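Number of protein chains: 2
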Amino acid sequence: MKTFIFHQLFEKETSTYTYLIGDPKSKQAIIIDPTIDMVSRDLQLIHELDLNLKYILETHVHADHITGAYNLKQKTQGQIAISKNSGAIGADIYLEDNDQLTFGNITLKALATPGHTHSCMSYYIEGLLFTGDALLIRGTGRTDFQQGNSKTLFASIRNKIFNLPDETLIYPGHDYKGHTSSSVAQEKRHNPRVKMQNTEDDFISIMSHLKLDHPKRINEAVPANMRCGNIHSSNSNQDTNNGQ
Amino acid sequence: MKTFIFHQLFEKETSTYTYLIGDPKSKQAIIIDPTIDMVSRDLQLIHELDLNLKYILETHVHADHITGAYNLKQKTQGQIAISKNSGAIGADIYLEDNDQLTFGNITLKALATPGHTHSCMSYYIEGLLFTGDALLIRGTGRTDFQQGNSKTLFASIRNKIFNLPDETLIYPGHDYKGHTSSSVAQEKRHNPRVKMQNTEDDFISIMSHLKLDHPKRINEAVPANMRCGNIHSSNSNQDTNNGQ
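Protein chains in written order, with numbering that gives the first Met the number 0: chain A, 0 to 243; chain B, 0 to 243.
Derived from the structure by calculation, the hints contain no laboratory data.
It should be emphasised that the depicted structure is a prediction, and the values quoted were computed from it without experimental measurement.
Treat the hints with caution; some may be incorrect.
[Unchecked claim] Just so you have them, the derived chain A footprint on chain B, three or more residues with Cβ under 8 Å:
| hint | segment |
| --- | --- |
| 1 | 35-49 |
| 2 | 128-135 |
| 3 | 183-189 |
[Said to hold, decoys possible] Some chain B residues well away from chain A (every beta-carbon gap over 10 Å; in silico):
| hint | residue |
| --- | --- |
| 4 | Gly138 |
| 5 | Gln146 |
| 6 | Ala154 |
| 7 | Ser180 |
| 8 | Asn197 |
| 9 | Ile230 |
[To be verified] Taking lysine to aspartate or glutamate and the EDC-like style, the derived pairs with C-alpha atoms no more than 20 Å apart in a straight line are:
| hint | chain 1 | residue 1 | chain 2 | residue 2 |
| --- | --- | --- | --- | --- |
| 10 | B | Lys11 | A | Asp165 |
| 11 | B | Lys11 | B | Asp36 |
| 12 | A | Lys108 | A | Asp98 |
| 13 | A | Lys24 | A | Glu125 |
| 14 | B | Lys187 | A | Asp49 |
| 15 | B | Lys176 | A | Glu47 |
| 16 | A | Lys194 | B | Asp36 |
| 17 | B | Lys150 | B | Asp200 |
| 18 | A | Lys108 | A | Glu95 |
| 19 | A | Lys194 | B | Asp49 |
| 20 | B | Lys26 | A | Asp165 |
| 21 | B | Lys176 | A | Glu12 |
| 22 | A | Lys187 | A | Asp165 |
| 23 | B | Lys210 | B | Asp200 |
| 24 | B | Lys210 | B | Glu166 |
| 25 | B | Lys26 | A | Glu166 |
| 26 | B | Lys194 | A | Asp49 |
| 27 | B | Lys194 | A | Glu47 |
| 28 | B | Lys24 | A | Asp165 |
| 29 | A | Lys24 | B | Glu166 |
| 30 | B | Lys11 | A | Asp36 |
| 31 | A | Lys11 | B | Glu12 |
| 32 | A | Lys26 | B | Asp165 |
| 33 | A | Lys194 | A | Glu219 |
| 34 | B | Lys74 | B | Asp63 |
| 35 | A | Lys176 | B | Glu12 |
| 36 | B | Lys74 | B | Asp49 |
All residues carry an ideal CB built from backbone N, CA and C; glycine is no exception.
Just chain A, same shape as in the assembly (with noise of 0.2 Å):
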């Protein structure tokens, strides 16, 4: 594993996590799933540590928190990038599945795992394996809203993210227990939902019975999101079709 600035940072409220990685040498960076709260943390850290951030991304249009990619782009280099599914406007780059994004040395690939919303994106660096809400630790992602399908949720964690090899560290979109890190050998072993000895049944049914009350914020999130965080933008009629 090459060395690389990483932080991984947090967001109490919806209890979400924000990650900077950047490249020693040439400086570049890439901060995956900022918060709009968080971005004037998040720019100071970035200067402190004097990264030229390269890419912004999100692994998926979020229904519980607002994207701090828009405000995070007007202040510095960054490029949007998002899931060519997620129909998300404002981006500058839209992802497919098995793409790859550069920054200094290092190589980020995307990694298609829907499920939890239609458009979810993995993103794969040396070893780390950045899940959004897909996978969890210890749990996944909601399946009852955006498109969200237990099926290809099941098929995504199973078929693609535990096949990674054991060792790979899973790194969240949100823990609600402060647990940081896991890896996929953990996941397969002890996720109550998607454990080796569970089968698809098993999943469709504890996610069917989950009863969970909708995100606070969603009827203002997923508009947000859907225009990477713009929350300026007036023309908000035609980029909804994938908030419910």
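Chain A is fixed; fit chain B onto it per the hints.
Only chain B this time, still in chain A's reference frame:
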């Protein structure tokens, strides 16, 4: 650097970090600064990873939360270790400056870093420094109770922590902005209180103007932590001298 099992764990209410570190071969492990509210989470992780908890380490007598050390000891083989100077009762090991503990193939070294309290210890393991409330990310512990002393804390950070190699990673006992780690080099440059261009007088002045409220739970936490988290003990009269 040797490869080891490493889990940083967070408790949201008091923004406290707990660290679980293990030797992959022998499965011997330690935990640093567990909290009483998260003992079941921590026990589950220890169990899932098949770890044998050898030591339960306190960086200091906490004022903002109750340690989970006593409760963890009841459910594991773990021995509680804390600074000898703390005066805490109920520990198995009383550490002095430069003492070492080994678990499996890994050696931990205790570094006395007083100033936030008079008996704070930092723990060094293989390029990582667990600083408790001595050095925080872009901050420091406060110095206005528990025999706190700004002059002492400045000396601990500048003469001891900042004497470690620049690439040493800093893992603090708390973070209130969602940072998870830093480095000696970063803190030397960017810590507004103790960066290298600040003098001792600068630091003392900064600390004397903080005007912080006392932690909400100090009157409950300090007496309990002076018994290493044994909240059921009745002999609370003799061990609260350190509380104010």
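Hints violated by the structure (listed by number, smallest first): Result: hints 2, 7, 10, 16, 24, 33 and 34 break, sorted rising.
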